[in-house]
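Novice: At position 59 of the sequence shown the residue is numbered 59 (the working numbering), and the sequence of numbers has no breaks.
Worth flagging that the hints you see were computed from the coordinates, not collected in a lab.
Be aware that a few hints might be false.
Restricting the straight-line Cα-Cα distance to at most 20 angstroms, the calculated cross-link-like pairs of lysine to aspartate or glutamate (EDC-like) are [to be verified]:
#1 LYS161 - GLU36
#2 LYS151 - GLU179
#3 LYS92 - GLU60
#4 LYS161 - ASP106
#5 LYS115 - ASP49
#6 LYS92 - ASP137
#7 LYS113 - GLU168
#8 LYS113 - GLU36
#9 LYS115 - GLU168
#10 LYS48 - ASP22
#11 LYS127 - ASP106
#12 LYS92 - ASP22
#13 LYS113 - GLU60
#14 LYS161 - ASP49
#15 LYS195 - ASP156
#16 LYS92 - ASP106
#17 LYS115 - ASP150
#18 LYS113 - GLU179
#19 LYS113 - ASP22
#20 LYS161 - ASP22
#21 LYS21 - ASP49
#22 LYS161 - GLU179
#23 LYS21 - GLU36
#24 LYS115 - ASP137
#25 LYS151 - ASP137
#26 LYS48 - GLU36
#27 LYS21 - ASP137
#28 LYS48 - GLU60
#29 LYS113 - ASP150
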Amino acid sequence: MPEAIRPGSIRLIVGLGNPGKDYERTRHNAGFWLVERFAVQSGVALRKDGKYQALVGRMEAAGGTAGAWLVLPQSFMNASGRAVQMLAGFFKILTSEILVVHDELDFAPGMAKMKQGGGIAGHNGLKDISQRLGSHDYWRLRLGIGHPGDKNVVADYVLNKPSAEDREAIDGAIGRSIEILPLCLAGDLQGAMQKLHSFEKEKPVEKKVEPKPKPETKPKPETKPELKVEIPPQKPAAKGLFATLFGKKK
């Protein structure tokens, strides 16, 4: 193994879903959508292999990776583990080197998260894989599809198509998830998680711009109009009168 390849690199990527045209656009096939898109972008052909009852493709070693198998089980969701068990056993792939991509009811459409191990939360595909591998310690890449709000209608919900808005959001999450797969193949699982999960923190928060309050305009005090008093001009005293009383100076 080349020195650039870290121990624990992902060597098997499994997309979960149901085969056939009746299911190809349903929410439960989100795992298929990601692996199919990654295969196209990577130039990997997925071919049906009767021995594994799956569509199987091989990514050759490149860029510091040992290569990986891409698998889409074709035995329906509740029997997904058969292909995973057989491929892992034949190629001596450890449980910690397996990444399973699946739909997640507990996340809103557009959210994607990655983790190792944990519960199966009633997911039939994960249940079968865990039983056949005898372990929960494989990696999971979870694509949010939203929850119908009533557990009694979950089965119908996952087997129906998402709205156009939800599908667009899921496709966005798939695109971001594919960006971190090279890190997974190179063994940098922690770096892959940090990069994927940082998206939620980096999303800009829409702030409502409150209109600035207008300054209060105080009413001008009322001013009383000035009263103009016109004083009539005084008439000069008559010169003749003084002259008569006092006489003229000579």
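Novice: Take the hints in turn and mark each one as holding or not.
Specialist: Going through the hints against the structure:
no.	hint	verdict
1	LYS161 - GLU36	holds, 18 angstroms
2	LYS151 - GLU179	violated, 33 angstroms
3	LYS92 - GLU60	holds, 17 angstroms
4	LYS161 - ASP106	holds, 17 angstroms
5	LYS115 - ASP49	violated, 29 angstroms
6	LYS92 - ASP137	holds, 16 angstroms
7	LYS113 - GLU168	holds, 17 angstroms
8	LYS113 - GLU36	holds, 19 angstroms
9	LYS115 - GLU168	violated, 24 angstroms
10	LYS48 - ASP22	holds, 18 angstroms
11	LYS127 - ASP106	holds, 17 angstroms
12	LYS92 - ASP22	violated, 34 angstroms
13	LYS113 - GLU60	violated, 26 angstroms
14	LYS161 - ASP49	violated, 28 angstroms
15	LYS195 - ASP156	violated, 33 angstroms
16	LYS92 - ASP106	violated, 33 angstroms
17	LYS115 - ASP150	violated, 26 angstroms
18	LYS113 - GLU179	holds, 13 angstroms
19	LYS113 - ASP22	violated, 27 angstroms
20	LYS161 - ASP22	holds, 10 angstroms
21	LYS21 - ASP49	holds, 19 angstroms
22	LYS161 - GLU179	violated, 25 angstroms
23	LYS21 - GLU36	holds, 15 angstroms
24	LYS115 - ASP137	holds, 10 angstroms
25	LYS151 - ASP137	violated, 27 angstroms
26	LYS48 - GLU36	holds, 13 angstroms
27	LYS21 - ASP137	violated, 32 angstroms
28	LYS48 - GLU60	holds, 18 angstroms
29	LYS113 - ASP150	violated, 23 angstroms
Of the numbered hints stated above, those contradicted by the structure are hints 2, 5, 9, 12, 13, 14, 15, 16, 17, 19, 22, 25, 27 and 29, listed in ascending order.
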